[in-house]
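The whole structure should be built from the sequences, with the hints applied where relevant.
If you read the sequences in order, they're chains C and B.
The opening position of the first sequence corresponds to residue 1 in this note's numbering, with each subsequent residue numbered one higher.
The opening position of the second sequence corresponds to residue 1 in this note's numbering, with each subsequent residue numbered one higher.
Honestly, the hints are just simulated from the structure, not real lab data.
Any given hint might turn out to be false.
Rough simulated footprint, nothing fancy, chain B against chain C, three-plus residues with beta-carbon under 8 Å [stated by the list, open to error]:
{"no.": "1", "region": "65-75"}
{"no.": "2", "region": "107-119"}
{"no.": "3", "region": "146-158"}
Sample of chain B residues at the chain C side, in silico, Cβ under 10 Å [as the list claims (entries may be wrong)]:
{"no.": "4", "residue": "D82"}
{"no.": "5", "residue": "I107"}
{"no.": "6", "residue": "P121"}
{"no.": "7", "residue": "A125"}
{"no.": "8", "residue": "A128"}
{"no.": "9", "residue": "E131"}
{"no.": "10", "residue": "D135"}
{"no.": "11", "residue": "A160"}
{"no.": "12", "residue": "R165"}
Given the structure is predicted, the values throughout are model-derived calculations rather than measurements.
All C-beta atoms in this analysis are idealised placements derived from N, C-alpha and C, irrespective of residue type, glycine included.
Chain by chain, the residues run as shown.
Number of protein chains: 2
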Amino acid sequence: MNVLIAGSHGGVGQHITELLAESEHTARAMVRDESQVDEMEEEFGVDVVVADLTEDVSHALTGCDAVIFAAGSSGEDVEGVDRDGAIRLIDEAEKQGAERFVMLSSINADRPEESPEGLQPYLEAKLAADEHLQDSDLTYTIVRPGELTDDPATGRIEAARRVERGRITRADVARTLVAALDVETTHGETFELIEGEEPIEDALEGL
Amino acid sequence: MNVLIAGSHGGVGQHITELLAESEHTARAMVRDESQVDEMEEEFGVDVVVADLTEDVSHALTGCDAVIFAAGSSGEDVEGVDRDGAIRLIDEAEKQGAERFVMLSSINADRPEESPEGLQPYLEAKLAADEHLQDSDLTYTIVRPGELTDDPATGRIEAARRVERGRITRADVARTLVAALDVETTHGETFELIEGEEPIEDALEGL
Numbered sequence: 001m002n003v004l005i006a007g008s009h010g011g012v013g014q015h016i017t018e019l020l021a022e023s024e025h026t027a028r029a030m031v032r033d034e035s036q037v038d039e040m041e042e043e044f045g046v047d048v049v050v051a052d053l054t055e056d057v058s059h060a061l062t063g064c065d066a067v068i069f070a071a072g073s074s075g076e077d078v079e080g081v082d083r084d085g086a087i088r089l090i091d092e093a094e095k096q097g098a099e100r101f102v103m104l105s106s107i108n109a110d111r112p113e114e115s116p117e118g119l120q121p122y123l124e125a126k127l128a129a130d131e132h133l134q135d136s137d138l139t140y141t142i143v144r145p146g147e148l149t150d151d152p153a154t155g156r157i158e159a160a161r162r163v164e165r166g167r168i169t170r171a172d173v174a175r176t177l178v179a180a181l182d183v184e185t186t187h188g189e190t191f192e193l194i195e196g197e198e199p200i201e202d203a204l205e206g207l
Numbered sequence: 001m002n003v004l005i006a007g008s009h010g011g012v013g014q015h016i017t018e019l020l021a022e023s024e025h026t027a028r029a030m031v032r033d034e035s036q037v038d039e040m041e042e043e044f045g046v047d048v049v050v051a052d053l054t055e056d057v058s059h060a061l062t063g064c065d066a067v068i069f070a071a072g073s074s075g076e077d078v079e080g081v082d083r084d085g086a087i088r089l090i091d092e093a094e095k096q097g098a099e100r101f102v103m104l105s106s107i108n109a110d111r112p113e114e115s116p117e118g119l120q121p122y123l124e125a126k127l128a129a130d131e132h133l134q135d136s137d138l139t140y141t142i143v144r145p146g147e148l149t150d151d152p153a154t155g156r157i158e159a160a161r162r163v164e165r166g167r168i169t170r171a172d173v174a175r176t177l178v179a180a181l182d183v184e185t186t187h188g189e190t191f192e193l194i195e196g197e198e199p200i201e202d203a204l205e206g207l
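In structure tokens:
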């Protein structure tokens, strides 16, 4: 599949780009700044497209079969990027006939009211995007990881509708998002994710 | 003690105000908007002071022995309110000789890098405020609750340096913050908080 990675320059996004570059899929890394193009091309050897989630993104999706959404506003524009930017990309993917959409969400995105007030705008934005994706015609997977670390990948996870408090490496989150592209049991599923005992594909097949 | 409640009009703050109004302490409810004064006076029968955490707050602290900080920016101005506003109030409390400062923080405030990028600005702001308080001469207590609910109080908690993923009612968070004023084992302590089995005072005395 031709896979567009939104947020390819981010903490999880770079792991995704590296994995896809080494896979049988064809990766297209989406970045916001022209200045990131050379770096991404040189580091990962993938096609790079410049697109801003707050503007027209149609050119980024041309010919894409799947999207992995790992973009984030870093709190600067949660409504513009985390909510409306994600929704814009979902709508455009649907319009252009993409088959798959894999969303990097967040644990507690489905219950923002249970977080401190300062965290709620981000979680509400993620929830609105997740719900828009669930209501779309795309074959979606929504992944909600716990606390993120920069430790090396373990390749082993726990994935379920609800999990305990726990951590997971950004590298394992990326592996899970990429694996979800091909594992049918993740189609139409929304699940939480932490480090665990099961190999990633086994855990996903058990969903 | 004369206790200033910063953020008295908020989700946890109103519970705190109600508890202090019924206690042997004397409550002074701090609100940002003049329009909230009548409501707070009528509902809780406490003194109300108007002060904005982004401006001079010295008048709010006159004669106060303790502060409970439960204010929050709702994500609109995390640096101005959650970080710098808290630091301003800490500095002023120290300057005016307050004895106690009880801070409502958040689980994961001590590891913002483990949260999605969109949550990090708030958690970083809370961490900066917590660390400023820890470095002050005030006798502090820093409370980091898990997921917040609006269920009725249970009066039973689990409090420890690290707890599992879990929930707690805003009413029980308020009870814990108020109880901490008088329980010496909470002095100089920073702990996480979820619903549990132990009565609040017992749990705090076990810290």
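The hints, checked one at a time:
Against chain B, the region 65-75 of chain C contributes 4 residues with a C-beta closer than 8 Å to a partner C-beta. That satisfies the three-residue criterion, and the hint holds. Coverage of a stretch by a chain is defined here by at least three residues with a beta carbon nearer than 8 Å to that chain's beta carbons; for the region 107-119 of chain C and chain B the count is 9, and the condition holds. With 5 residues carrying a beta carbon less than 8 Å from a beta carbon of chain B, the region 146-158 of chain C meets the three-residue requirement, and the given coverage holds. Against a cut-off of 10 Å between C-beta atoms, the interface hint on D82/B holds, since the closest Cβ of chain C lies about 6 Å away.
Interface hint at I107/B: satisfied, since its Cβ lies 8 Å from the closest Cβ of chain C, which is below the 10 Å cut-off. For P121/B, the shortest C-beta to C-beta distance to chain C is roughly 4 Å, which falls under 10 Å, so the interface hint holds. Proximity of A125/B to chain C holds as hinted, the smallest CB-CB distance being about 7 Å (cut-off 10 Å). Hint status for A128/B: violated, given a least beta-carbon distance of 13 Å to chain C, over 10 Å.
Because the closest C-beta pair between E131/B and chain C is about 17 Å apart, greater than 10 Å, the hint is violated. Given the 10 Å rule on beta carbons, the hint for D135/B is violated: about 22 Å separates it from the nearest Cβ of chain C. Proximity of A160/B to chain C is violated relative to the hint, the smallest CB-CB distance being about 13 Å (cut-off 10 Å). With a cut of 10 Å, the hint placing R165/B at the interface with chain C holds, because the nearest CB-to-CB distance is about 3 Å.
Hints 8, 9, 10 and 11, counting from the list given before, are not met by this structure.
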